[in-house]
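> Chain B: place on chain A using the hints.
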Amino acid sequence: MNILVVDDFSTMRRIIKNLLRDLGFTNTEEADDGSTALPILQKGGIDFLITDWNMPKMTGIDLLKAVRADASLEGLPILMVTAEAKREQIVEAAQAGVNGYVVKPFTAAVLQEKIERIFERVEAG
Amino acid sequence: MSRLTDTNSYEGYIQELAKTTELLMEKIEQGKTNEISELIDSIKETRDRGLYLEVGKLTRALHDAISAFHIDAYLDDSDKKDMSTISDATDRLGYVMNLTDKAANRTMDMVEASLPIAQGIGCDTSKLKKDWERLGKREISYEEFGELYKEMGTFLEANEARVKDLQQNLTNILMAQDYQDLTGQVIKRVVTLVQDVEGSLVTLVKLAGNIEEVGGLEVESVKHSSKPAQEEIGIFPTKNDEFVSGQDDVDDLLSSLGF
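Protein chains in written order, with our numbering: chain A, 1 to 125; chain B, 1001 to 1259.
Only chain B is shown next, with the shape it has when bound in the complex:
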């Protein structure tokens, strides 16, 4: 990010104004009308020059800010690869939305798949419990006992598979929470970008304030701040050759290094 602070010329303008005004006072005292008129023209000229200078600086600062964030107002679909930093940030936030959406759906899918399994275990347990209690009270016949024994065997066997499915679903729910780490990092980068944009805007406002001051208007004071832009990070899916596109790419790269 380029620094946008340079008030040397503005100070120069003020000094020149002070010098000319001093000379003007001298000539008034001496009563030199022609020279007084020339000096008034010179002051006006100095003021105009100061104004043009500040407008020029503001224009340059705007240009720098636009270059720093690669803003391209004429971006069309065919130029997507040259996206502006702002468009890139928008895409990053879109990526966050997609990830959180996918994670929420994945979690809900797993919960929905697990609920009937838990309900099935509950229903079968209740039914067996009743028969089990009757068995305890010796209220069932020999044939019913044979039936209960078979049912118990089926129940235990089914539960083994059900518990395995539940464990798998719970692990998948756990894995779906990895979005928090990834989205957190993307959001941190976008926050930094917003801070950089804010810093540049404050500088522009300050330069615009100089113009207002030269023009004789009231200026509100603003605090200047500017932070360096953040580097690209690798967690955003990209076709850039600098980045690997997945674990297979990592494995290939490591293999080429003798791993």
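Extracted from the complex, chain A is given alone in its bound form:
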């Protein structure tokens, strides 16, 4: 299981990577915004995407839309982990096809629950 973690703050990427490791996901890659994440995703081999919203150059919502618009990536599970807490933003992400939404600050338990839930749904088809 290869997970791509996208956040412009390296601290947050580190936190998420460490939490993923605790959950047994040791294969992770990093990107600092959507524009660097997209080529990694298009290269293939990523099974799960965790992305922030507010990032320079290409935001998380634009990355989400770009992924859903790409035929080879449209089924990729995406979890948004962000400080953006506007209702209309959450609705926008949901409509764009996000699989889960976690608001910062979050706990390890919440992240684990959301990831597991997404996998359950993906497995259920």
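Just so you know, these hints were derived from the structure itself, not from any lab.
Treat the hints loosely; a few may be bogus.
Restricting the straight-line Cα-Cα distance to at most 25 Å, the calculated cross-link-like pairs of lysine to any residue (SDA-like) are [unchecked claim]: (1) B:1188 with A:32; (2) B:1188 with A:13; (3) A:17 with B:1088; (4) B:1188 with A:21; (5) A:86 with B:1164; (6) A:17 with B:1180; (7) B:1164 with A:21; (8) A:86 with B:1188.
For chain B alone, coordinates are given in the frame of chain A:
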């Protein structure tokens, strides 16, 4: 943010002054004393009008700047919900202080809880090591060996729990570092606000400079800059209905959308 630059009237004033002065020179040459006196009064009047115009513009610009930043000098406790942008920025910085304070304390709590565990492992290891070395040299009795075996069993069992506690504390320390992401975003917004305030002040200084110029005083040139105000961001805890108040709210909202 409203733009505060309008020097058309100021230029108009200069043109009018030039025209009247030209006419004045003409009348002086013609020696028409009455008309000369009238024209001097007219120049004075034009200058005063220019001055009033610039003072008016400065007043309007000040009003615009105050409106743009929602500054309310008469804010009392009952009106906190209508806080000015400046008060809001102050609150945001207060939020940064609280977050960093909480993160530092949380980290230190975890370190303080972990140190005795590490020390306990160290002490027990040293004690067992001595007995273990004596065992290697066959310097312990059969009874002492039985005792050492029991101690080793207790040590290993205790270590399992201690390592688990240490891992938990280290994860909590890691999680406490999330403040850096959140505070960084708040600080970025406040920096933008400061830049906007600076831009407005530069415009006000420029308009005040026009007044000084009309009044015949020396004016220092200033560079004008103005940037649009930033939008609200959701990371600041708020009771505003536009924002969710936490993960439970997010989950409820997503459930209502069929998630």
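> Run every hint past the structure and note whether it holds.
Hints versus structure:
{"no.": "1", "hint": "B:1188 with A:32", "verdict": "17 Å, holds"}
{"no.": "2", "hint": "B:1188 with A:13", "verdict": "19 Å, holds"}
{"no.": "3", "hint": "A:17 with B:1088", "verdict": "34 Å, violated"}
{"no.": "4", "hint": "B:1188 with A:21", "verdict": "31 Å, violated"}
{"no.": "5", "hint": "A:86 with B:1164", "verdict": "38 Å, violated"}
{"no.": "6", "hint": "A:17 with B:1180", "verdict": "16 Å, holds"}
{"no.": "7", "hint": "B:1164 with A:21", "verdict": "15 Å, holds"}
{"no.": "8", "hint": "A:86 with B:1188", "verdict": "19 Å, holds"}
This entry does not satisfy hints 3, 4 and 5, going by the numbered hints stated previously.
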